[in-house]
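Visitor: Mapping of the sequence shown onto full-length UniProt numbering: position 171 corresponds to residue 171, and the numbering continues sequentially without gaps.
No wet-lab data here; the hints were simulated from the structure. Wrong hints could be hidden among the right ones.
Here are the simulated DSS-like cross-link-like pairs (lysine-lysine), alpha carbons at most 30 Å apart as the crow flies [stated by the list, open to error]:
# : residue 1 : residue 2
1 : K38       : K67
2 : K64       : K26
3 : K66       : K26
4 : K26       : K51
5 : K67       : K51
6 : K51       : K64
7 : K38       : K64
8 : K26       : K38
Computed spacing ranges between beta-carbons, pair by pair [as the list claims (entries may be wrong)]:
#  : residue 1 : residue 2 : range
9  : D151      : Q47       : 37 to 47 Å
10 : F158      : D33       : 35 to 45 Å
11 : K26       : D160      : 22 to 32 Å
12 : G190      : E63       : 19 to 29 Å
13 : G121      : Q41       : 47 to 57 Å
14 : A172      : E60       : 50 to 60 Å
15 : D90       : A172      : 39 to 49 Å
16 : I159      : G55       : 54 to 64 Å
17 : S93       : P161      : 27 to 37 Å
18 : Q41       : E148      : 25 to 35 Å
19 : T85       : Q44       : 54 to 64 Å
20 : A89       : P164      : 15 to 25 Å
21 : S123      : R27       : 38 to 48 Å
Glycine included, C-beta positions come from ideal geometry on N, C-alpha and C.
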Amino acid sequence: MSAAVDRGAFLSEERDYNHADDSEFKRLRDQADQAHKKRQQLSQQSQEAYKEGDGARAKELSEKAKKYLKEAERYNMQAAEYVFTENNADSKSDEIDLHGLYVKEAQWILQRRIASAVQNGESDLKVIVGKGLHSANGVAKIKPAVEELCDEAHLNSFIDPKNPGVMIVELAGAQIPSSWGTDSYSDFAGGHKPSKPEQAHFQGGYQGQPQPEYQQQPHYGQQNGQGNGQENTILGLFMKFVFQCLKKL
1 MSAAVDRGAF LSEERDYNHA DDSEFKRLRD QADQAHKKRQ QLSQQSQEAY
51 KEGDGARAKE LSEKAKKYLK EAERYNMQAA EYVFTENNAD SKSDEIDLHG
101 LYVKEAQWIL QRRIASAVQN GESDLKVIVG KGLHSANGVA KIKPAVEELC
151 DEAHLNSFID PKNPGVMIVE LAGAQIPSSW GTDSYSDFAG GHKPSKPEQA
201 HFQGGYQGQP QPEYQQQPHY GQQNGQGNGQ ENTILGLFMK FVFQCLKKL
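Using the sequences and the accompanying hints, generate a full structural model.
Guide: Below you can see the structure in the form of structure tokens.
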């Protein structure tokens with residue numbers, strides 16, 4: 001049975017495009033939530049059937065639950081692509097706007113973006129974090145999420161003195177964990193954390209670029225074994241989409 005992965009808190013919006021008012025974005029996230037709720041119901045029924053000794057019924061319900069898990073994943077990826085395109089339509093080549101994503105989704109995408117930037121010798125990356133004015137209870141979520149990731153790899157980051165809504169991450173000479181460029185989302189969201197920055201890979205140089213950020217969604221399935229293959233395929237396609245968007249900026 002797949003275990004749910006914590007996606008972290010939902011990140012707020014503060015730019016011209018407001019995903020919270022976008023009917024298509026809300027539709028996709030709502031569809032994902034509904035699919036996940038159905039998956040939870042089927043998973044619980046499967047467990048109950050197993051406890052009652054009905055193995056065949058338990059297996060049938062478990063297979064149905066897996067289908068709804070894939071459906072939820074598909075809707076979330078569509079929502080991610082959609083909100084990223086809208087949020088980064090006016091971003092510069094050294095910026096990344098992560099609004100509209102779940103915290104852990106945003107962190108995972110950001111670490112992949114940083115890994116690529118370091119490989120390409122970029123000197124810094126500007127992450128649009130906003131001021132938290134529209135976040136729940138006025139508490140900013142993007143900034144601490146970015147800081148947590150930077151602290152993990154000992155990357156220097158600071159608020160742009162000209163714009164308090166932008167955090168600059170310095171990458172020149174950076175040494176980051178090699179796993180940042182290879183971890184699946186399940187590994188990352190499931191609590192996998194690299195120990196130390198590894199010098200063998202990704203040592204940094206000059207320039208920058210943007211990428212997306214996700215909201216927090218309470219439920220997303222983590223799949224093991226063959227399941228990770230499907231997840232990696234979907235997320236791999238999404239990452240290709242991300243970098244194609246960035247090249248057009």
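Visitor: With the threshold set at 30 Å, check whether the alpha-carbon distance from K26 to K51 stays at or below it.
Guide: 38 Å, violated
Visitor: If you check the beta carbons of K26 and D160, does the distance land in 22 to 32 Å?
Guide: Cβ of K26 to Cβ of D160: about 31 Å, so the range 22 to 32 Å holds.
Visitor: Could you say whether the range 27 to 37 Å given as a hint is met by the Cβ separation of S93 and P161?
Guide: 21 Å, violated
Visitor: Take a look at whether the Cβ-Cβ distance between I159 and G55 falls inside 54 to 64 Å.
Guide: 57 Å, holds
Visitor: For the pair supplied as a hint, K67 and K51, is the alpha-carbon distance within the 30 Å limit?
Guide: Between K67 and K51 the Cα gap is close to 22 Å, so the pair holds against 30 Å.
Visitor: What's the verdict on K51 and K64, does the C-alpha distance respect the 30 Å limit or exceed it?
Guide: OK: K51 and K64 at ~18 Å, within 30 Å.
Visitor: At the C-beta level, are A89 and P164 separated by a distance inside 15 to 25 Å?
Guide: Once the Cβ atoms are compared, 22 Å apart, the range 15 to 25 Å for P164 and A89 holds.
Visitor: Could one say that the CB atoms of A172 and E60 fall in the range 50 to 60 Å?
Guide: Given range 50 to 60 Å: holds, Cβ gap about 56 Å.
Visitor: Taking the CB of G121 and the CB of Q41, does the distance hold inside 47 to 57 Å?
Guide: The hint (47 to 57 Å, Cβ to Cβ) holds, given that G121 and Q41 are roughly 50 Å apart.
Visitor: Falls inside 35 to 45 Å, the C-beta gap from F158 to D33?
Guide: Because 36 Å falls inside the window, the suggested range holds.
Visitor: Is it true that the C-beta distance of S123 to R27 lies inside 38 to 48 Å, as the hint says?
Guide: 40 Å, holds
Visitor: Take the C-alpha atoms of K38 and K67, compute the straight-line distance between them, and say whether it is at most 30 Å.
Guide: This hinted pair holds, its Cα atoms lying about 10 Å apart.
In summary, the structure is inconsistent with hints 4, 15, 17 and 19 from the numbered list given earlier, while agreeing with the others.
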